[in-house]
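Visitor: So you can see what is in the structure, the chains are spelled out below.
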Amino acid sequence: MLHALRRVLDHRLLIQTLVMRELKARYRGSALGFLWSFIHPLMLLGVYSFVFTTIFTPQRGDDTDPYALYLFCGLLPWTWFSSALAEANNAIVANGNLIKKIIFPAEILPIVSVLHNGVNFLLGLPIYFAFWLWYRPEGLSWHFFWLPLILLIQFVFTLGLSLFLAALTVHYRDVRDLLANVLTLWFFASPVIYSFSVLEDQGRDLVVNVLQFNPMTHIIEGYHAAIFTGQLIQWKRLGVTGLVSLAVLILGYMFFDRLRDSFAEEV
Amino acid sequence: MPRASSSDGAVPQPASTAVAAKAKPVKPAIRLVDVTKRYRRFAQSHRFLTLKSAFVGGNLFKILRPDEVFTALEGATIDVAHGETFGIIGANGAGKSTMMKLIAGTTKPTEGRVEIDGKISALIELGAGFHPEISGRENVFINGVMLGLSRAEIEELYERIVQFAELEEFIDHPVKNYSSGMYMRLAFSVAIHVEPDILVIDEVLAVGDEGFIHKCLDKIGEFKRRGKTILLVTHGMETVRVLCDRVAWIHAGKVQMVGDPMRVVDAYLDWVGEHVDREMATEERRRIADATGGSGDVARAAKAEAGDAGDTAAVSDEPTGADSAEDGLSDDRGGSEARETSGATETSEITESAESTESTESTESTESTESTESTESTESTETGETRETADPAVTTDTTADASIDNPYEPGRWGNRSVAIESVRLLDGNGRPRHVFDSGDEMTIEMLVSAAEPTGDFVFGLGLFNANGVSCYGTNTDIEDFKAGALDGDATIRFVIPSLSLVQGTYYLDVATHGADGTPYDYHRGLYSFRVNSRYGDVGVARLPHTWEFEGAVAWKAVGGIKAKPAAESAAEPGAAMATPTTPDLE
Chain D
10 MLHALRRVLD HRLLIQTLVM RELKARYRGS ALGFLWSFIH PLMLLGVYSF
60 VFTTIFTPQR GDDTDPYALY LFCGLLPWTW FSSALAEANN AIVANGNLIK
110 KIIFPAEILP IVSVLHNGVN FLLGLPIYFA FWLWYRPEGL SWHFFWLPLI
160 LLIQFVFTLG LSLFLAALTV HYRDVRDLLA NVLTLWFFAS PVIYSFSVLE
210 DQGRDLVVNV LQFNPMTHII EGYHAAIFTG QLIQWKRLGV TGLVSLAVLI
260 LGYMFFDRLR DSFAEEV
Chain B
96 MPRASSSDGA VPQPASTAVA AKAKPVKPAI RLVDVTKRYR RFAQSHRFLT
146 LKSAFVGGNL FKILRPDEVF TALEGATIDV AHGETFGIIG ANGAGKSTMM
196 KLIAGTTKPT EGRVEIDGKI SALIELGAGF HPEISGRENV FINGVMLGLS
246 RAEIEELYER IVQFAELEEF IDHPVKNYSS GMYMRLAFSV AIHVEPDILV
296 IDEVLAVGDE GFIHKCLDKI GEFKRRGKTI LLVTHGMETV RVLCDRVAWI
346 HAGKVQMVGD PMRVVDAYLD WVGEHVDREM ATEERRRIAD ATGGSGDVAR
396 AAKAEAGDAG DTAAVSDEPT GADSAEDGLS DDRGGSEARE TSGATETSEI
446 TESAESTEST ESTESTESTE STESTESTES TETGETRETA DPAVTTDTTA
496 DASIDNPYEP GRWGNRSVAI ESVRLLDGNG RPRHVFDSGD EMTIEMLVSA
546 AEPTGDFVFG LGLFNANGVS CYGTNTDIED FKAGALDGDA TIRFVIPSLS
596 LVQGTYYLDV ATHGADGTPY DYHRGLYSFR VNSRYGDVGV ARLPHTWEFE
646 GAVAWKAVGG IKAKPAAESA AEPGAAMATP TTPDLE
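Protein sequence lines correspond, in order, to chains D and B. Numbering-wise, the first sequence is residues 10 to 276 according to the working numbering. Numbering-wise, the second sequence is residues 96 to 681 according to the working numbering.
These are computed hints drawn from the structure, not numbers from a lab. In this text the structure is predicted, and so the values were computed from the model without any measurement. Be careful, since some hints might not be right.
Under the rule of at most 25 Å between Cα atoms (straight-line distance), these lysine-lysine pairs were calculated in the DSS-like manner [unchecked claim]:
#, chain 1, residue 1, chain 2, residue 2
1, B, Lys651, D, Lys109
2, B, Lys271, D, Lys109
3, D, Lys109, D, Lys33
4, B, Lys271, B, Lys122
5, B, Lys122, D, Lys33
6, B, Lys577, B, Lys651
7, B, Lys203, D, Lys109
8, B, Lys203, B, Lys214
9, B, Lys314, B, Lys203
10, D, Lys33, B, Lys319
11, B, Lys314, B, Lys577
12, B, Lys122, B, Lys310
13, B, Lys577, B, Lys271
14, B, Lys203, B, Lys310
15, B, Lys310, B, Lys214
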């Protein structure tokens, strides 16, 4: 494991370069170019705010007000999570020529997928804070400084899943099709558009208990706490989530490593 | 090549390497120890089952069993010393690329060990890491990083990379707008500037124009001089001979031979020759079966007539365009028809030959009409030869016709009163072959059998190249052999002490016929052979020649790759002179 970590660190320049390549190539040829990194979350926010404040008005407590800010707070990390998985899942297959022709550790490809979507997420944050200041000029609470920890947990969790999916997709392309639907379900099973605490308050124990098993629940709740409500993060829950994420990463890597040699032959 | 031999000396002969090399303090740059690579194939149907059981049973690894195993490389043991230029040759699918991938590390051996000492750069596929949407400049950086350079190193090399690729003006354009040549130049340039200790090149020299290839070869030469290790996979045997210190020939996944380039390349080419030989033999058997199976009797008559017309021309010393044009045409159409519907061809063929005669030159029409009428009396040649004689005057005509499509349909006809039982091509040692080197001795051996004793027989043969152009033809009658008696079996050998033909595939007509031209047994194009030549000289025949130089003229290499243009220019007059070949040479 440590050996694997060192190998990845040895290739940090390559990772960095590939992340830059993805970021640069993505909007090449579009008129707004890099601005899209900012516009995407804005438009997403617009759509969701419209749907959930005008069309549906889901039950929510006071702790989700202003709703646009609440929504955005969970939506940004969720977008990171889902787009990273969707991309990493395809990373090995799509970069078959690299795997076959150039010598570098294959895990770099899912890592790049997770990282470059992470960069997009980070680029969305300033927009979020601009809105924040507009709604609440008093600024953020000091709990904001928990953010890096939550980011790390999400990164570890996402990467673990990405490694697993990327390796599996090499052998079963079916995973791609399955994943899109799983992600939709997962989205609604995470407290992005609704508030987890409301569910708890309403005493819907079954739902709450089921959602407890979703690491993304606690990660998104973490963002809510650190940014939106300005409370102390839920130590225990996030701690357990962190451990689970680490386990997912280790298992994901082991799975990936086990199948590694078959990549060049199967892609 | 003093360097070659010295490094040869430094490296123990690969067969015995394992033990001997261990004693050396210096590790070889590349070492393969008993490496086997098996590829697994998974059937699609199986895939579903495995997915199902993977999810249900949760045991993916156990179920992930291959349906088929393909051994790409077996028990390969190779040592490449530092500073050595090592070539790998072999037929397609022999396992060369697998070996490359194993050495480059993109795949792992199923069994055995691969040890690499030094930084390795693999040009297995150029430009593999290029992203089409971003500029050449950015791609140079990314590719450089992928190949293991640091940012500073790339910045230092950047100018040279772009300059070498000759892409200064376009470097800021997205790579997707590059021509394939530009793309490859840039990719090669990056890969070669990475300054690896071991450079692996897999058939990439085939890209780029003449000028760029020379630059690449120069660069490789520079690598060599600086003592870098180069591993070269190529089909270019000249490149191997010129560049490599040692060569491994891989065949069917096994290392067949390792050693001196000349020896290994020759052995490989011999094998290729044998392979081609076998193919040609199979092809030949099929042709003979086709030709002999169908009763093409009627078609034969027409053919013979056509032949006669030509012969007349030859004999009467009138070079006629009509003749060969006619041949070309009638062969072309008549032949193919004969093959399909041999019975019904008669009329059409005759008309064709008549037509073509008319169409070619009105003056000639008399002659050919004559020949059509009085086939019997005129001549006894087999068509091949006939054509041969007529050809020189009309080469242009014929080739024009020939180039349309294969003008030369194989066939067999005649009354078989003197049947050709078998035909063999023998080399200097009397072994049957289908592949010869230019300059080899070749014997055409015909076994004939007369059903009844006869005093009227002529043996003849004609050689045609792949375009259907006659290279040479003769018969015993032309060369003033007066037939005595033939009863039962006889063997006829036509001995060519030095096969003066340029590289290519040749077809052979053999025939027995009466002095008046009545075909006894005519085999058209049933036999073929291939001539290989070290030189790219052109024309119909390779004239025996030497080069003499006087005055202030010097050569860097004689008869090597560098001297090639000279050899070519030599062939030019040769070709011109080869055309007016006369049949009475012998």
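Visitor: All the hints need checking, so say for each whether the structure fits it.
Guide: Hint-by-hint comparison with the structure:
no., hint, result
1, B:Lys651 to D:Lys109, "violated (41 Å)"
2, B:Lys271 to D:Lys109, "holds (21 Å)"
3, D:Lys109 to D:Lys33, "holds (24 Å)"
4, B:Lys271 to B:Lys122, "violated (43 Å)"
5, B:Lys122 to D:Lys33, "violated (43 Å)"
6, B:Lys577 to B:Lys651, "violated (54 Å)"
7, B:Lys203 to D:Lys109, "holds (11 Å)"
8, B:Lys203 to B:Lys214, "holds (17 Å)"
9, B:Lys314 to B:Lys203, "violated (30 Å)"
10, D:Lys33 to B:Lys319, "violated (38 Å)"
11, B:Lys314 to B:Lys577, "violated (66 Å)"
12, B:Lys122 to B:Lys310, "violated (31 Å)"
13, B:Lys577 to B:Lys271, "violated (74 Å)"
14, B:Lys203 to B:Lys310, "violated (33 Å)"
15, B:Lys310 to B:Lys214, "holds (23 Å)"
When held up to the earlier numbered hints, the structure conflicts with 1, 4, 5, 6, 9, 10, 11, 12, 13, 14 and fits the remainder.
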